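Participant: Please build the complete structure, drawing on both the sequences and the hints.
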Amino acid sequence: MGDGALSVWEKSSTARVVPPARPRKLAKVPFVELADGRLQGVVSSGSDIGRVYVSSVAAGTYAFACSTNNNRPCGGARGWFCNHIRALVDEAVLQYGAERVARYLKVEVADGELDADSVTTAMTHTRPAQGDTSAAAPVFSRFLRHLAYLELAPGTAPLPEMQWFPTTRAVA
Amino acid sequence: MVPDDEGGGLMRADLLFDPVDGLDEALAAVDAFDAALVAGLLRPQPGQAAGVVELADAVAGTPLAARVAEAADKTVAGAAGEDHFVALAAARAALLGSVHDALTARVTEAVGRPVAEEAAPAGAGGVDHAANLLAAARSWLSDLARAGWQGIDHELVGGAAPVVSAMLPDPALRRQATLLDGFAAELAASCPGATLERIPVRRWADLWSRALLLTLPGATGAPAADTATGRLLPLGIDVQEHATAVQAQVHAVFEPADGGAPRLVRAAASAPKPDTVVGAGLWQLLRPHLSLLTAVSEGRAMDLDAMPVTAEGDLIWDDARARTGEPADCLATARVALPTAAAAATAPLDRHPARIAAPVLLEGYEAEQDDDGVAFRIAGHRLPVDTDRIPAAGPLTAEAVAASGACIALLRWDAGEFHVQPLAVERTVRKKAVAVHAGAWAGGTTDKAGVRAEKAATGAVDALRERAGRLLRK
Chain A
1 MGDGALSVWE KSSTARVVPP ARPRKLAKVP FVELADGRLQ GVVSSGSDIG RVYVSSVAAG
61 TYAFACSTNN NRPCGGARGW FCNHIRALVD EAVLQYGAER VARYLKVEVA DGELDADSVT
121 TAMTHTRPAQ GDTSAAAPVF SRFLRHLAYL ELAPGTAPLP EMQWFPTTRA VA
Chain B
1001 MVPDDEGGGL MRADLLFDPV DGLDEALAAV DAFDAALVAG LLRPQPGQAA GVVELADAVA
1061 GTPLAARVAE AADKTVAGAA GEDHFVALAA ARAALLGSVH DALTARVTEA VGRPVAEEAA
1121 PAGAGGVDHA ANLLAAARSW LSDLARAGWQ GIDHELVGGA APVVSAMLPD PALRRQATLL
1181 DGFAAELAAS CPGATLERIP VRRWADLWSR ALLLTLPGAT GAPAADTATG RLLPLGIDVQ
1241 EHATAVQAQV HAVFEPADGG APRLVRAAAS APKPDTVVGA GLWQLLRPHL SLLTAVSEGR
1301 AMDLDAMPVT AEGDLIWDDA RARTGEPADC LATARVALPT AAAAATAPLD RHPARIAAPV
1361 LLEGYEAEQD DDGVAFRIAG HRLPVDTDRI PAAGPLTAEA VAASGACIAL LRWDAGEFHV
1421 QPLAVERTVR KKAVAVHAGA WAGGTTDKAG VRAEKAATGA VDALRERAGR LLRK
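Just so you know, the protein sequences line up as chains A and B, in that order.
Sequence positions in the first sequence follow this note's numbering and run 1 to 172.
Sequence positions in the second sequence follow this note's numbering and run 1001 to 1474.
Worth flagging that the hints you see were computed from the coordinates, not collected in a lab.
Computed from a predicted structure; not experimentally measured.
Glycine residues also receive a C-beta, built at the ideal position from the N, C-alpha and C atoms.
Treat the hints loosely; a few may be bogus.
[Said to hold, decoys possible] Beyond 12 Å from chain A on every Cβ pair, some chain B residues (computed): (1) VAL1020; (2) ASP1021; (3) ALA1069; (4) ASP1101; (5) THR1108; (6) ALA1116; (7) LEU1134; (8) THR1227; (9) GLY1259; (10) ALA1342; (11) ASP1370; (12) GLY1444.
[To be verified] SDA-like, lysine to any residue: derived pairs with alpha carbons at most 20 Å apart: (13) A:LYS28 x B:ASP1462; (14) B:LYS1455 x B:LEU1472; (15) A:LYS28 x B:GLY1459; (16) B:LYS1448 x B:THR1294; (17) A:LYS28 x B:ALA1463; (18) A:LYS11 x B:GLU1054; (19) B:LYS1455 x A:LEU150; (20) A:LYS28 x B:LEU1472; (21) A:LYS11 x B:ALA1102; (22) A:LYS25 x A:ARG86; (23) A:LYS106 x B:LEU1196; (24) A:LYS25 x B:ASP1275; (25) A:LYS28 x B:ARG1470; (26) A:LYS11 x B:ALA1028; (27) B:LYS1455 x A:LEU94; (28) A:LYS11 x B:ARG1351; (29) A:LYS11 x B:GLU1417; (30) A:LYS106 x B:CYS1191; (31) A:LYS11 x B:ALA1415; (32) A:LYS11 x B:SER1098; (33) A:LYS11 x B:GLY1193; (34) A:LYS25 x A:LEU94.
Facilitator: Here it is, written out as structure tokens:
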């Protein structure tokens, strides 16, 4: 990479690398992320307000897992995607856009519109295997860490470093 | 006084398009070093070694020379330690500091405003605070430099998480925590580095070197040097955000009650946030801590009583020291008060081109909008307008900017050229001047779309708080 070979984007101090999340309702699926090679997140139980499910789908293999935060297996996720996992995909598409979710999960939708349904269908057609639930604990603790951001006190001392993070109207 | 040249508030807009002596040379040395970071410094190849040496040579005539030369030697040999990386980061910051100074001198000439006398730097505070955490951050950043951007993976990037989690609750470490958090999130979204199609070379080198320098004792925490008593006239609001942090910065003219010279100041509020709090949710987080946001929305001045202020002109806002004042139109402030307001000098460590944000009033331009975005034709040149920096939760749009006849903006510089970020515009609708402010919804709004956005944001935060209440404290 020699002088003058850099593009404007490469020479920009404030280049946008990660588009911000799109707004969505959080009651049903309070937490979604594309991380650790999985689409993973936390889905609120429809019947017990004190219970949540930790659900995940692995990129590439679509190996899926769903269990409660106390590591009890989800009754619906025996052999196929349960409703928690379907809700997780739906909300991930709302938050990140179908394209980013499909790219991360390595899903190809042959024809038709790229949306939550087509992404889910493309994955279930490959008859993915059920994964183990070993990721549930770390995902749940990442969710708690995420919630803890609400508890941190705002401040009025200047943060000069935020000059590198301009707001953007671009969406995921 | 409105300067009656064609550049409006820019007395000499043409100066922004003239070459700056030495700029290309300084940036070439920065680029050479930045390129070396792409493949990592664990076992530098000849091309990378040359880049590191080029950086060291560029500061050969400065007090940094000996330490940086030694650091370059060790790095070229693949034997660099943390202190050597710190020395290289310092050399890079010094070069960009010189670029900042040259560009700021050019801005000063172009806007034709007075410059405040440089205050003696305030003594650094927070010496040796949380040394262990800062050492952990330094160690992570050194590992990053060895791996290079092409060598990042989830395990390496994940090493930042415990450091960030431990730093965030401590207000004295908020700057470091916020930077590391935003940087690590970008890196995580870009893993594995080996398959990246393109790399934000200058940006990541900026974030890396800045984070490294902020691990040094006394790098942050310069205390407020003075207090401000008088009238504060807002110009507009600049919003900065990454997935888990937001800052709103109000740019304003301060008129001291004692009749002293008016000054350019800023007031900010910032908060960590979950990544799903966006748009109007950002205003909701910050509103309770900065009454000035409401004053801006209502088009009012504020009266300050002994508000702490740093030598750089940053007010350390305390709602108890501010009262809502008379109606004050931002555009009137820009026309009447801005031309005589003096800008404070930037603290040495903060001198970087990304920090340049000079409020200007632009009039008499021709706005154009095409595939490259919006630009103002001014003094025979094309001045790009960064409409992407207009906050999503507000009434200002690229279309409104393109149809405007006057604009309050922040003059900035990035990737080799000046551009402007609109804070407010004035357009003529049925022969009447109508102003649209980027930050109009900061204090709340009755606008239909704004009310809807506020409601959605409240719902999101309520849902998270409910979950946190049930699941966090067990």
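Participant: Are LYS28 of chain A and ALA1463 of chain B close enough, with their CA atoms no more than 20 Å apart?
Facilitator: Roughly 9 Å separates the two Cα atoms, so the pair holds.
Participant: Closest CB-CB distance from ALA1069 of chain B to chain A, is it above 12 Å?
Facilitator: Its Cβ never comes within 12 Å of chain A, the nearest being 22 Å, so this holds.
Participant: Could you grab the alpha-carbon distance between LYS11 of chain A and ARG1351 of chain B and see if it respects the 20 Å cut-off?
Facilitator: Holds, at about 18 Å.
Participant: Take the C-alpha atoms of LYS1455 of chain B and LEU94 of chain A, compute the straight-line distance between them, and say whether it is at most 20 Å.
Facilitator: Within the cut-off at roughly 18 Å; holds.
Participant: Is the claim that GLY1444 of chain B lies outside the interface with chain A correct, judged by CB distances over 12 Å?
Facilitator: The claim stands: GLY1444 of chain B keeps its Cβ more than 12 Å from every Cβ of chain A (closest is about 17 Å).
Participant: CA of LYS28 of chain A to CA of ARG1470 of chain B, is that 20 Å or under?
Facilitator: 15 Å, holds
Participant: Is LYS28 of chain A close enough to ASP1462 of chain B, meaning Cα to Cα at most 20 Å?
Facilitator: 12 Å, holds
Participant: Taking only the CA atoms, is the gap from LYS11 of chain A to ALA1028 of chain B under or equal to 20 Å?
Facilitator: Status holds; Cα separation ~11 Å.
Participant: LEU1134 of chain B: least C-beta distance to chain A exceeds 12 Å?
Facilitator: Consistent with the label, LEU1134 of chain B stays out of reach of chain A, its closest Cβ about 15 Å off (over 12 Å).
Participant: Taking 20 Å as the top limit, are the C-alpha atoms of LYS25 of chain A and ARG86 of chain A close enough?
Facilitator: 16 Å, holds
Participant: Would you say ASP1021 of chain B is clear of chain A, with no C-beta pair closer than or equal to 12 Å?
Facilitator: 18 Å, holds
Participant: Given the hinted pair LYS25 of chain A and ASP1275 of chain B, is their Cα-Cα distance within 20 Å?
Facilitator: Holds - the C-alpha atoms of ASP1275 of chain B and LYS25 of chain A are around 13 Å apart, at most 20 Å.
Figure legend: structure checked against the earlier numbered hints; the only hint not met is number 14.
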